[in-house]
Amino acid sequence: DQQVKQNSPSLSVQEGRISILNCDYTNSMFDYFLWYKKYPAEGPTFLISISSIKDKNEDGRFTVFLNKSAKHLSLHIVPSQPGDSAVYFCAASAGTDKLIFGTGTRLQVFP
Amino acid sequence: KAGVTQTPRYLIKTRGQQVTLSCSPISGHRSVSWYQQTPGQGLQFLFEYFSETQRNKGNFPGRFSGRQFSNSRSEMNVSTLELGDSALYLCASSYQTGQGGELFFGEGSRLTVL
Chain A
1 DQQVKQNSPS LSVQEGRISI LNCDYTNSMF DYFLWYKKYP AEGPTFLISI
51 SSIKDKNEDG RFTVFLNKSA KHLSLHIVPS QPGDSAVYFC AASAGTDKLI
101 FGTGTRLQVF P
Chain B
1 KAGVTQTPRY LIKTRGQQVT LSCSPISGHR SVSWYQQTPG QGLQFLFEYF
51 SETQRNKGNF PGRFSGRQFS NSRSEMNVST LELGDSALYL CASSYQTGQG
101 GELFFGEGSR LTVL
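Protein chains in written order, with my numbering: chain A, 1 to 111; chain B, 1 to 114.
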């Protein structure tokens with residue numbers, strides 16, 4: 001039972017354009033959402049988060065949007081850079097419960 | 001500040017053997033969580049320890065176990081290894097339990113079962 005789903009295993013974007021990574025969840029109790037980035041041979045690193053009381057959070061080139069009614073969140077990267085090429089995981093938690101991760105989307109930014 | 005340290009980084013075992021992986025959290029962090037990463041499955045939660053007590057457990061068989069020591073270091077053990085246990089095992093630490101916030105991950109221990 002995959003409570004957090006990333007339906008696109010991969011995404012390819014040209015440098016300078018916008019990258020949009022999507023994530024859907026099924027548990028309406030989730031109230032905190034995060035995005036992690038993972039390079040090969042490294043552990044995931046925290047990127048950005050959003051609480052369920054907000055619908056948008058911005059940090060530099062990264063913006064996360066949350067649509068609670070659709071149980072959907074997305075990560076926008078503008079402009080995309082080659083160094084953004086990595087696997088991106090979305091994650092969610094309900095209260096103090098464990099963090100549930102999606103299956104990841106591999107982003108490739110080409111020149 | 002040193003990050004999360006996992007040892008060993010790579011190991012190869014054969015079916016039926018057992019393995020112990022170690023994790024040293026960031027200094028001051030009292031919560032340690034373990035995740036299994038396999039292609040197509042993302043990060044699957046194994047368990048979380050806080051102040052030497054298992055606080056949460058994922059849907060893994062009893063062959064997977066863990067513990068946490070008084071200095072917050074944690075170990076996980078997998079007994080009677082199966083081919084499907086081949087994966088990257090990631091440890092993450094945080095200051096508080098609940099995982100409602102940011103986790104800091106180590107680089108992982110890549111286990112290959114032959």
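Keep in mind the hints are simulated off the structure, nothing from the lab.
Just so we're clear, the structure is a prediction, and the values are computed from it rather than from any experiment.
Incorrect hints may appear among the rest.
Taking lysine to aspartate or glutamate pairs in the EDC-like style, the calculated list, with each CA pair at most 16 Å apart, reads [to be verified]: (1) A:K37 <-> B:E102; (2) A:K37 <-> B:E107; (3) B:K57 <-> A:D24; (4) A:K54 <-> A:E42.
Pair hint B:K57 and A:D24, alpha-carbon separation not exceeding 16 Å: violated (23 Å)
Please work out if A:K37 and B:E102 have their alpha carbons no farther apart than 16 Å. The given pair, whose Cα atoms are some 13 Å apart, holds under the 16 Å limit.
Please verify whether A:K54 and A:E42 have alpha carbons no more than 16 Å apart. It is violated: about 30 Å lies between the C-alpha atoms, which goes past 16 Å.
Hey, A:K37 versus B:E107, does the alpha-carbon distance stay inside 16 Å? holds (13 Å)
Comparing the model with each numbered hint stated earlier shows that hints 3, 4 do not hold.
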